[in-house]
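Number of protein chains: 2
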Amino acid sequence: MSVGIVETKYFQINEEMKLECGKTLKNVQVAYETYGNLNDKKDNAILILHALTADAHAAGKHSEDDKKPGWWDNMIGPDKAFDTNKFFVISSNVLGGCKGTTGPSSINPETNKPWGLDFPIITVSDMVEVQKKLIDFLGVKKLTVVGGSMGGMQALEWSVNYPDMVDSAIVIASTSRLSAQAIAFNAVGRNAIISDENFNNGNYYDGKLPEKGLGIARMVGHITYLCEEAMHNKFGRDFKGIPAFDFGIDFEVESYLDYQGRIFVDRFDANSYLYITKAVDYFDLPKKHGSLKNAFEKTKARFLVVCFSSDWLFTPNQSKELVKALIQAQKEVSFVEIQSTLGHDAFLIEVDNQTKIIKSFLRGKEE
Amino acid sequence: MSVGIVETKYFQINEEMKLECGKTLKNVQVAYETYGNLNDKKDNAILILHALTADAHAAGKHSEDDKKPGWWDNMIGPDKAFDTNKFFVISSNVLGGCKGTTGPSSINPETNKPWGLDFPIITVSDMVEVQKKLIDFLGVKKLTVVGGSMGGMQALEWSVNYPDMVDSAIVIASTSRLSAQAIAFNAVGRNAIISDENFNNGNYYDGKLPEKGLGIARMVGHITYLCEEAMHNKFGRDFKGIPAFDFGIDFEVESYLDYQGRIFVDRFDANSYLYITKAVDYFDLPKKHGSLKNAFEKTKARFLVVCFSSDWLFTPNQSKELVKALIQAQKEVSFVEIQSTLGHDAFLIEVDNQTKIIKSFLRGKEE
Numbered sequence: 001m002s003v004g005i006v007e008t009k010y011f012q013i014n015e016e017m018k019l020e021c022g023k024t025l026k027n028v029q030v031a032y033e034t035y036g037n038l039n040d041k042k043d044n045a046i047l048i049l050h051a052l053t054a055d056a057h058a059a060g061k062h063s064e065d066d067k068k069p070g071w072w073d074n075m076i077g078p079d080k081a082f083d084t085n086k087f088f089v090i091s092s093n094v095l096g097g098c099k100g101t102t103g104p105s106s107i108n109p110e111t112n113k114p115w116g117l118d119f120p121i122i123t124v125s126d127m128v129e130v131q132k133k134l135i136d137f138l139g140v141k142k143l144t145v146v147g148g149s150m151g152g153m154q155a156l157e158w159s160v161n162y163p164d165m166v167d168s169a170i171v172i173a174s175t176s177r178l179s180a181q182a183i184a185f186n187a188v189g190r191n192a193i194i195s196d197e198n199f200n201n202g203n204y205y206d207g208k209l210p211e212k213g214l215g216i217a218r219m220v221g222h223i224t225y226l227c228e229e230a231m232h233n234k235f236g237r238d239f240k241g242i243p244a245f246d247f248g249i250d251f252e253v254e255s256y257l258d259y260q261g262r263i264f265v266d267r268f269d270a271n272s273y274l275y276i277t278k279a280v281d282y283f284d285l286p287k288k289h290g291s292l293k294n295a296f297e298k299t300k301a302r303f304l305v306v307c308f309s310s311d312w313l314f315t316p317n318q319s320k321e322l323v324k325a326l327i328q329a330q331k332e333v334s335f336v337e338i339q340s341t342l343g344h345d346a347f348l349i350e351v352d353n354q355t356k357i358i359k360s361f362l363r364g365k366e367e
Numbered sequence: 001m002s003v004g005i006v007e008t009k010y011f012q013i014n015e016e017m018k019l020e021c022g023k024t025l026k027n028v029q030v031a032y033e034t035y036g037n038l039n040d041k042k043d044n045a046i047l048i049l050h051a052l053t054a055d056a057h058a059a060g061k062h063s064e065d066d067k068k069p070g071w072w073d074n075m076i077g078p079d080k081a082f083d084t085n086k087f088f089v090i091s092s093n094v095l096g097g098c099k100g101t102t103g104p105s106s107i108n109p110e111t112n113k114p115w116g117l118d119f120p121i122i123t124v125s126d127m128v129e130v131q132k133k134l135i136d137f138l139g140v141k142k143l144t145v146v147g148g149s150m151g152g153m154q155a156l157e158w159s160v161n162y163p164d165m166v167d168s169a170i171v172i173a174s175t176s177r178l179s180a181q182a183i184a185f186n187a188v189g190r191n192a193i194i195s196d197e198n199f200n201n202g203n204y205y206d207g208k209l210p211e212k213g214l215g216i217a218r219m220v221g222h223i224t225y226l227c228e229e230a231m232h233n234k235f236g237r238d239f240k241g242i243p244a245f246d247f248g249i250d251f252e253v254e255s256y257l258d259y260q261g262r263i264f265v266d267r268f269d270a271n272s273y274l275y276i277t278k279a280v281d282y283f284d285l286p287k288k289h290g291s292l293k294n295a296f297e298k299t300k301a302r303f304l305v306v307c308f309s310s311d312w313l314f315t316p317n318q319s320k321e322l323v324k325a326l327i328q329a330q331k332e333v334s335f336v337e338i339q340s341t342l343g344h345d346a347f348l349i350e351v352d353n354q355t356k357i358i359k360s361f362l363r364g365k366e367e
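If you're matching them up, the sequences are chains D and V in order.
According to the working numbering, the stretch in the first sequence is residues 1 to 367, in order.
According to the working numbering, the stretch in the second sequence is residues 1 to 367, in order.
Just chain D, same shape as in the assembly (with noise of 0.2 Å):
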């Protein structure tokens, strides 16, 4: 069952936003959807935090011949993993972001043009800041957040920022902070945008666009999110055609990276992508509060962390880190290792198990 029709709404923050970075942000604006209602006692709401290239949209769809549904929405309706029922799910699009959230695309008001690289430096934490705005805002009470990849790191800023307003937070397929080796590809990805002949230091949106060095950074991506295995399972060594002893794409592992890459500069804006990326790489909870226990020390949220064996990027250990910390923090905590061959990528496909994962784990929230 979809959630059916749903509209993208919008919302202002009048008040001046003070970053992380120390600089201010005016007049930030932040897509959201809505489905599923809000109970007399506001405490039933559940926020999906997205990762680093979606949107606010995560279920059902825009019109009747929308030819995709949401990003989420194999998880997010009724009867589904986050039940729509029973819950009142929110869906915003993150600061920095290009799909309808203030971002580096948005109009800079001081100059009535794209901020560009102007646009400030954006973490982790000034993203909760704004996504906390919006839920005073829809008059939400108490909390469920919930994440994958990027979106487990905010799910983990939230819940220890903001202790009393969240009482579960799912953190899927995520880390308190990223490894030298993410940030290395993350690092190879904003060099391609930045080198691309059309980047202009940022100020591109009145003529080309630096497609081809995004699209390579969304390459890099791709391999992160799959594993040798996942890749080996869906393309193996075949060849698109016969080996055509050019530089061409040749095996079908090029072909799909290739596509993902092209498909992928219609739909995303490079500066964005350096920003939100930066704000990944920056994230880390152990060192902002001295050790990961401390961070976790006045949380009051249960937790579920899941991990899928095959990722490789946001690894099962580093999702263990996360459970020993909140163990020694003596928080009430469920861990569960997935066993996927997906890769990273898991979060979003492996449906069934996250499924009864997710809905055994909000039944604590019911009683």
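Among the hints, erroneous ones may be present.
Copies of the same chain look alike in the list, so a pair counts if it fits in one copy or across any two.
DSS-like, lysine-lysine: derived pairs with alpha carbons at most 30 Å apart [said to hold, decoys possible]: (1) Lys-356 - Lys-141; (2) Lys-42 - Lys-26; (3) Lys-324 - Lys-234; (4) Lys-9 - Lys-42; (5) Lys-240 - Lys-23; (6) Lys-234 - Lys-288; (7) Lys-293 - Lys-240; (8) Lys-234 - Lys-287.
No lab work stands behind these hints, which were simulated from the structure alone.
Given chain D, put chain V in place with the hints provided.
Below, chain V without anything else, positioned relative to chain D:
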């Protein structure tokens, strides 16, 4: 002990080379070095086969004030793993390279300009054919072949194609065929080069070089040569200075990759990078011979297969596949998995372990 001052020599192949792609190459030049002396029976030769971006200069120095010795100097020399008191060690630059052997930056005799992308696609088998001409020219009768990474592919190809000549083969951190993931990383590197604004379809020798693209390719390469553990130990999440809140170099790992990218541009040709990675992608012994066991059927060499526990580019499992097929084909094979935290790069660094293992294996040759 060093082999001392050495000189790169050049050998010209007078006959036309017929390549695997069907095209031919005239006047192929081969850059090579030799260390130690060929014995009277001409059976004490060891052919060193280099990886992606190395050259003929494997040991010693070119002059007294040379800053760095050859790329495998820690393994080649008197009393070293490849003991030049006993063996006649030969090292040559591969076909398609840019270090003295004919490649895309060489002059096309028909146009008197650099070949660029008019250079024919070459394969690992073509590299071996060129080396065979050199070995015959040097009067060698029996040969040990040895190489790490792409060098191991050449060693395998040698043992399969020239069973009567190769009496020992040492295959280090290598495979009978790349994984889909490794092809994907090579595809990203090629894409970055081809997307560079200066690439000009490979005709950049008169103008600006595709430095940014080649730098990005090298960054991606270095991520795969290390492993997460090595990166964690080397850089962790350390900042170069303080968080800069901009898109410059922030983390130590970014600084390392940026540096590796920039110095690579000074020493390597972007077109050679395209040709050589393509040769590596195409290499597929099982496909060529029906099965890996079939490939080894006619070999007469003793094999030593060495891999490193943390190598995720040329994995221990891939080495074990080689060993399994050799055993099935009833060949003599020794296998060692060296416990290492250095990733694929270990074959250039883990000198002590490799020396012990290789010396022991080569004693079998002396007997």
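Against the structure, the hints come out as follows:
In this assembly of identical chains, the alpha carbons of Lys-356 and Lys-141 lie at most 30 Å apart only when taken from the same copy (26 Å versus 67 Å across copies). When the C-alpha separation of Lys-42 and Lys-26 is checked against a cutoff of 30 Å, the pair qualifies only within one copy, where the shortest distance is 29 Å, while the shortest distance between copies is 80 Å. Taking the shortest alpha-carbon separations for Lys-324 and Lys-234, only the inter-copy value of 25 Å comes in at or below 30 Å, while the best intra-copy value is 35 Å. For the identical chains of this complex, Lys-9 and Lys-42 are intra-copy neighbours only, at 20 Å inside a copy versus 81 Å across copies, given an alpha-carbon limit of 30 Å.
Taking the shortest Cα distances, Lys-240 and Lys-23 sit within 30 Å of each other only across copies (22 Å), while inside one copy they are farther apart (50 Å). In this homomeric assembly, Lys-234 and Lys-288 come within 30 Å of each other (Cα to Cα) only across copies, at 22 Å, whereas the closest approach inside a single copy is 40 Å. When the C-alpha separation of Lys-293 and Lys-240 is checked against a cutoff of 30 Å, the pair qualifies only between copies, where the shortest distance is 26 Å, while the shortest distance within a copy is 50 Å. Only between protomers do Lys-234 and Lys-287 lie at most 30 Å apart by alpha-carbon distance; the minimum there is 18 Å, versus 39 Å within a single protomer.
In summary, this structure violates none of the numbered hints.
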